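Taking this note's numbering, the leading residue of the sequence shown gets 1, the next gets one more, and so forth.
By construction, these hints were calculated from the structure, which means they are not laboratory data. There could be a bad hint or two in this list.
For lysine-lysine, the following DSBU-like pairs were computed, each having C-alpha atoms within a straight-line distance of at most 30 Å [unchecked claim]: (1) Lys271 - Lys285; (2) Lys77 - Lys135; (3) Lys271 - Lys156; (4) Lys38 - Lys137; (5) Lys156 - Lys137; (6) Lys75 - Lys156; (7) Lys135 - Lys38; (8) Lys217 - Lys137; (9) Lys210 - Lys271; (10) Lys263 - Lys217; (11) Lys210 - Lys285; (12) Lys135 - Lys75; (13) Lys271 - Lys217; (14) Lys77 - Lys156; (15) Lys156 - Lys210; (16) Lys156 - Lys66; (17) Lys156 - Lys135; (18) Lys75 - Lys38; (19) Lys263 - Lys285; (20) Lys137 - Lys77; (21) Lys77 - Lys38; (22) Lys66 - Lys77; (23) Lys137 - Lys75; (24) Lys210 - Lys137; (25) Lys217 - Lys135; (26) Lys38 - Lys66; (27) Lys217 - Lys156.
The structure presented is a predicted model; accordingly, all values stated were derived computationally and were not measured.
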Amino acid sequence: MTFYAIIVSSRLTIMAKKVRTLGHIGSNLLTELSRQGKRLFTFDDAAGIYGDSNGGLRELLSTLVKRRWLQRLEKGKYLILPFEAGREGEWTEHEFIIASYLIEPYYIGFRSALNYYGYTEQVSRTVFVASTRRKLKSVLEISGVTYRFVYMPDRKFFGTTEVTLGGYRVNISEPEKTIVDCLDRLEYCGGIVEVAKALWYGRDEFDPVKMAEYARKNGNRAVSQRLGYLMETLGSGTDEAIAILRQSRSNSYASLDTLADRKGQYVERWKVLVNVRESELLQWKER
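Build the full structure now, drawing on both the sequences and the hints.
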């Protein structure tokens with residue numbers, strides 16, 4: 001290597017190092033947060049370590065974001081970017097972990113839960129987060145992932161479990177509750193065909209009676225009607241589950257798919273307007 005090349009190389013190295021420099025105070029803060037296992041943290045978490053006099057902490061966090069040691073998820077919430085992120089700070093945590101820091105209480109649900117359990121082939125870059133709180137911004141985009149917050153009334157906020165991802169515990173709807181939620185809000189799962197697939201793919205894992213009870217507890221009688229029709233069509237229900245769902249029916253007809261036109265065949269047994277052709281509803285089974 002020539003002397004000139006050595007000089008240029010050295011200057012480039014120095015410039016690269018300046019992009020992600022980390023001062024003593026910032027280093028202590030990130031070290032302590034990491035020691036506490038907080039790769040994601042809030043302003044209050046940082047204030048408990050650093051203190052906050054005269055806005056000094058806000059300035060420090062802003063500097064760490066500019067130097068790509070932190071990523072600001074939203075106001076007062078941050079992700080620590082590890083050294084492996086490089087100069088550009090290209091790094092992100094599992095999207096469910098990030099979602100768990102964006103709102104409380106919450107659970108991952110709808111199509112995101114279907115994906116997690118392997119009940120759908122559809123891949124979505126949207127994470128659906130159910131909460132009893134209404135978020136000012138119902139949609140956020142972070143590192144190319146869209147987070148959609150779905151308001152859930154208290155009476156429907158049940159049927160959750162915890163899973164561990166990357167050392168973090170994350171709330172997600174149980175398999176049975178996932179199906180019930182999807183039948184209640186079909187727009188967040190891709191429509192009735194996706195629910196039919198999920199019922200079939202998970203048929204050996206679901207507890208049909210538990211699912212029927214959850215449908216009744218949901219309070220939307222149309223959910224019981226749709227679920228009953230699908231269980232009988234797919235042969236995935238039990239006598240006890242079907243009996244519970246039959247008792248939960250409304251006297252009014254409900255569309256099988258709320259995303260389709262109200263045209264089709266009326267099925268008296270379930271008080272369902274089947275507005276999706278059976279061939280379309282079940283064609284995926286032939287693949």
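Hint check results:
1. Taken as a hint, the Lys271 and Lys285 pair is honoured in the structure, with Cα atoms around 25 Å apart against an allowance of 30 Å.
2. Straight-line distance between C-alpha atoms of Lys77 and Lys135 comes to about 15 Å, which keeps the hinted pair within the 30 Å bound.
3. At roughly 23 Å between alpha-carbon atoms, Lys271 and Lys156 fall within 30 Å of each other, so this suggested pair holds.
4. Between Lys38 and Lys137 the alpha-carbon distance is near 25 Å, which keeps this suggested pair within the 30 Å criterion.
5. At roughly 22 Å between alpha-carbon atoms, Lys156 and Lys137 fall within 30 Å of each other, so this suggested pair holds.
6. A hinted pair counts as satisfied when its Cα atoms are at most 30 Å apart, and Lys75 with Lys156 qualifies at roughly 28 Å.
7. About 24 Å separates the Cα atoms of Lys135 and Lys38, which keeps this hinted pair within 30 Å; it holds.
8. Pair hint Lys217 plus Lys137 holds up; C-alpha atoms about 29 Å apart against a cutoff of 30 Å.
9. Between Lys210 and Lys271 the CA atoms are separated by roughly 22 Å; this keeps the pair inside 30 Å, and the hint holds.
10. Of the pairs offered as hints, the one joining Lys263 and Lys217 holds, with about 29 Å between alpha carbons and a cut-off of 30 Å not exceeded.
11. For the hint linking Lys210 to Lys285, the alpha-carbon distance of about 25 Å falls within 30 Å, and the restraint holds.
12. Our distance criterion of 30 Å between C-alpha atoms is met by Lys135 and Lys75, whose separation comes to about 13 Å.
13. Under the criterion of a C-alpha separation no larger than 30 Å, the hint pairing Lys271 with Lys217 is consistent with the structure, at around 19 Å.
14. With a CA separation close to 28 Å, the supplied pair Lys77 and Lys156 stays within the 30 Å bound.
15. With a CA separation close to 15 Å, the supplied pair Lys156 and Lys210 stays within the 30 Å bound.
16. Proposed proximity of Lys156 and Lys66 is contradicted: the alpha carbons are some 41 Å apart, above 30 Å.
17. Note on Lys156 and Lys135: the hinted pairing holds, with a Cα-Cα distance of about 17 Å set against a maximum of 30 Å.
18. Taking the CA atoms of Lys75 and Lys38, the gap is about 17 Å. The hint holds against a cut of 30 Å.
19. For the given pair, Lys263 sits about 24 Å from Lys285 by alpha-carbon distance, which is consistent with the 30 Å threshold.
20. For the proposed pair Lys137 and Lys77, the alpha carbon gap of about 15 Å is at most 30 Å, so the pair holds.
21. For the suggested pair Lys77 and Lys38, the alpha carbons sit about 12 Å apart, so the restraint of at most 30 Å is met.
22. Straight-line distance between C-alpha atoms of Lys66 and Lys77 comes to about 15 Å, which keeps the hinted pair within the 30 Å bound.
23. Pair hint Lys137 plus Lys75 holds up; C-alpha atoms about 12 Å apart against a cutoff of 30 Å.
24. A hinted pair counts as satisfied when its Cα atoms are at most 30 Å apart, and Lys210 with Lys137 does not qualify at roughly 34 Å.
25. For a cut-off of 30 Å, the pair hint linking Lys217 to Lys135 stands: about 25 Å separates their Cα positions.
26. For the given pair, Lys38 sits about 20 Å from Lys66 by alpha-carbon distance, which is consistent with the 30 Å threshold.
27. The suggested pairing of Lys217 with Lys156 holds, with an alpha-carbon distance near 8 Å, which does not exceed 30 Å.
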